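Asker: From first to last, the protein sequence lines stand for chains L and X.
The letter at position 262 of the first sequence is residue 262 when you use my numbering, and the numbering goes up by one with no holes.
The letter at position 381 of the second sequence is residue 659 when you use my numbering, and the numbering goes up by one with no holes.
By construction, these hints were calculated from the structure, which means they are not laboratory data.
Among the clues, some could well be false.
To spell it out: a stretch of chain L is covered by chain X in this simulated footprint if at least three of its residues, at any positions, have a beta carbon under 8 angstroms from a beta carbon of chain X; those stretches are [to be verified]:
no.	segment
1	200-206
2	236-242
Which chain X residues face chain L? A few, computed with CB under 7 angstroms, are given here [as the list claims (entries may be wrong)]:
no.	residue
3	V288
4	K291
5	R304
6	A315
7	V323
Listed below are the simulated DSS-like cross-link pairs for lysine-lysine, each with C-alpha atoms no more than 25 angstroms apart in a straight line [stated by the list, open to error]:
no.	chain 1	residue 1	chain 2	residue 2
8	X	K711	L	K244
9	L	K154	X	K324
10	L	K244	X	K551
11	L	K200	X	K309
12	X	K309	L	K244
13	L	K244	X	K708
14	X	K547	X	K449
15	X	K291	L	K212
Bear in mind the structure is a predicted one, so any value in this text is a computation, not a measurement.
Cβ atoms here follow ideal geometry from the backbone N, Cα and C, with glycine treated the same way.
Here are the chains, one letter per residue:
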Amino acid sequence: MTENKKQPPTEHCETCPAYAELEQMGIKLDKYDRVVALAGNPNTGKSTLFNALTGLKQHTGNWPGKTVTRAEGGYQFNGVRYKIVDLPGTYSLLSASQDEEVARDFILFGQPDCTIVVTDATALERNLNLVMQVMEITDKVVVAVNLMDEARRKGMEVDTRSLARDLGIPAIPVTARTGEGISTLLSTVADVIQGNVTTKPMRVEGTPEFQKAVNELVPMIEQAAPGVPNARWLAIRLLDGDAKVQQALMSGELGQRVARQQRADAQFSRKMSVEGRQ
Amino acid sequence: MTTNIQPNEVLAKAETLRGNLSTGFRDEIVKSLYTEAENIARRAVKTAKDKKYDLDQRIDRLVTSPIVGLPIMVVLLSIIIWLTVSGANVASDAIANILFAFGDWGNALFSSLNIPWWITGFIWDGVYRGLAWVISVMLPPMAIFFPAFTILEDLGYLPRVAFNLDWLYRKAGAHGKQSLTMAMGFGCNAAGVVATRIIDSPRERLIAILTNNFVPCNGRFPTLIMLAAVFVAASFPPALTSLIAASTVVGVVLIGVFFTLLMSWLLSKTVLKGEASAFTLELPPYRRPNISRILYTSLIDRTIFVLWRAMQTAAPAGALIWILANVPFGTSNLAAAIADWLNPFGLLLGLDGVIILAYIIAIPANEIVVPTMMMVYMGAGMMIDGPSTTDAIHSLLVGAHGWTMLTAVNLMLFALLHNPCATTIMTIYKETKSLKWATISVVITLGTAFLVTFLTATIARSLGWA
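So that you can see chain L by itself, here it is in the shape it has in the complex (with noise of 0.2 angstroms):
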């Protein structure tokens, strides 16, 4: 039998739309159908969308830099189980801090259902740098235009449809803060999920040669290193001589990351879950 305790109302179930086919399940990860990451530049409002789908209380703060471990949790939307992931902020994939490792080699080798990359509607273009990083990566990705409130306030209009178009997948308006928009964002990771919605991710995809660079060296890389998912971005970055790439890939540490991620570290995880806080 399901069960059907829902969690005590939150301020932000108030004012959710999603509140009647939502239900924050915290930390109860036991069993869950889908794993869902949340990336996303520095303070564009993670933890808050990662607080309002599982009725936790992570730590939020307004500073860049405040979420430098992965913290997990859980929520049930249309009686489908997620698991979802809050990550620290990025710039990009090329991480060079610990935090942003962490939050690449999710993204990279935990291999989630589908990937919320969180930006801030008042900043979109340095923002989309991170988006279209995610995209080389993986097909899965949805965008949540964060911050819509503030975006308003400034005057400014997004048009997420011009923004959902060019890039080849969905771009969905919210307003973490207020639970605004949020019932959309999750049918939508649910229908790119079960494939109900096609993503086709605009790519920038180079020079001719380049591309015929990249193909011959992604099958060799898959057989070097079993199991890797991603063969094809770690290829580019190869080629881009990443030093950090070629060590992990000699040391065999690719393929270990790989089983470390899916591994899933629930007992650290849910640690920070309940403590919420860093």
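On the provided structure of chain L, position chain X as indicated by the hints.
Answerer: Just chain X now, with coordinates in the frame of chain L:
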């Protein structure tokens, strides 16, 4: 069957392929990526000239100004600490009165039921008294300081602090984001150490980790506040006490910041040589703090968490002290004997043996230093009826145990500089994955604490101040 391809073959292949590509091929791609992003954003966003943005900028010009930026910061800090000190004093006394009265009642009840004296003593004079002390000393300052701090955090002020202090840290060879991790250290040094993950250079990250402890965490704030109120402020007219106490605490915090910079500079000139690296820091827009979230974060996440941790160590510490104070040793008891044995060393630092003993017992959590100290003093025989109020503490320490202004000042300095608590040491070990750096963090802080208190004690004595 295909032959297995080795990783080095892949690298070699990548190397050759790269050689064939035109130079700057990746720059081309990155450039087109940026152009594409720019075009997409331009098509999707319509901007009207707005007023709020101008207001944000005007505020920023003020709070990050090279002239008034730093003073504004110090004033904000002073206001928060003043609110904490003046509010906490009253509340601490009230809570202590209630809790100690309850303790006396429990004690009397147990005695009237003919429960053996050692059970009564262990429970009410040991465990319970330890808990009562921790709650009355720590709860009020935290319940005021944390919400105030969280409001600044939610407002978006912290990145401005980093911006203001950047030049100082760069001069010290450290990373500008170190001030963000230090701001987290005000809450808890272990959290501050974890927050250093935002620093990308390993060298500067280590500096930030090793110096984070010079920021007094919330476990140590109550010690500073109590000492400032009981000693420093006591010699001023009553109208000024909370102001003087607050300025003293602000002064101690600034000394802490000074030591952070000094130690960062020393480290970057010696074992961790290198230049400060450049970084970009986003100044987010000011946002209206969400009251319910602030209350939740600051009270449940921070206050209750820190208090609970303190209580978990205070209970066994209280029990330990009670046992030590009740095990006969020679003519007195074990606690007094240990304190006597430590006394010469304590006096050398301008402290005394009991304080050193309290610090040793309080290694698991610095929060319990003052309670531990009080209990050793009281357990050592000089029982005073419920030393719960500021005046009572003053008379206990000064009258019965010969404290001077030097003792109070040096204890504040020692509290600021001494070794990290066990949790923080563990966190440093986990973050650096190195026993060496965890050990060094203890050596550096403890060494600084010994050196500074020794110097102040020697100077004060030679000048005849103490």
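Asker: Under the constraints set out in the numbered hints, which ones does this structure not fulfil?
Answerer: none
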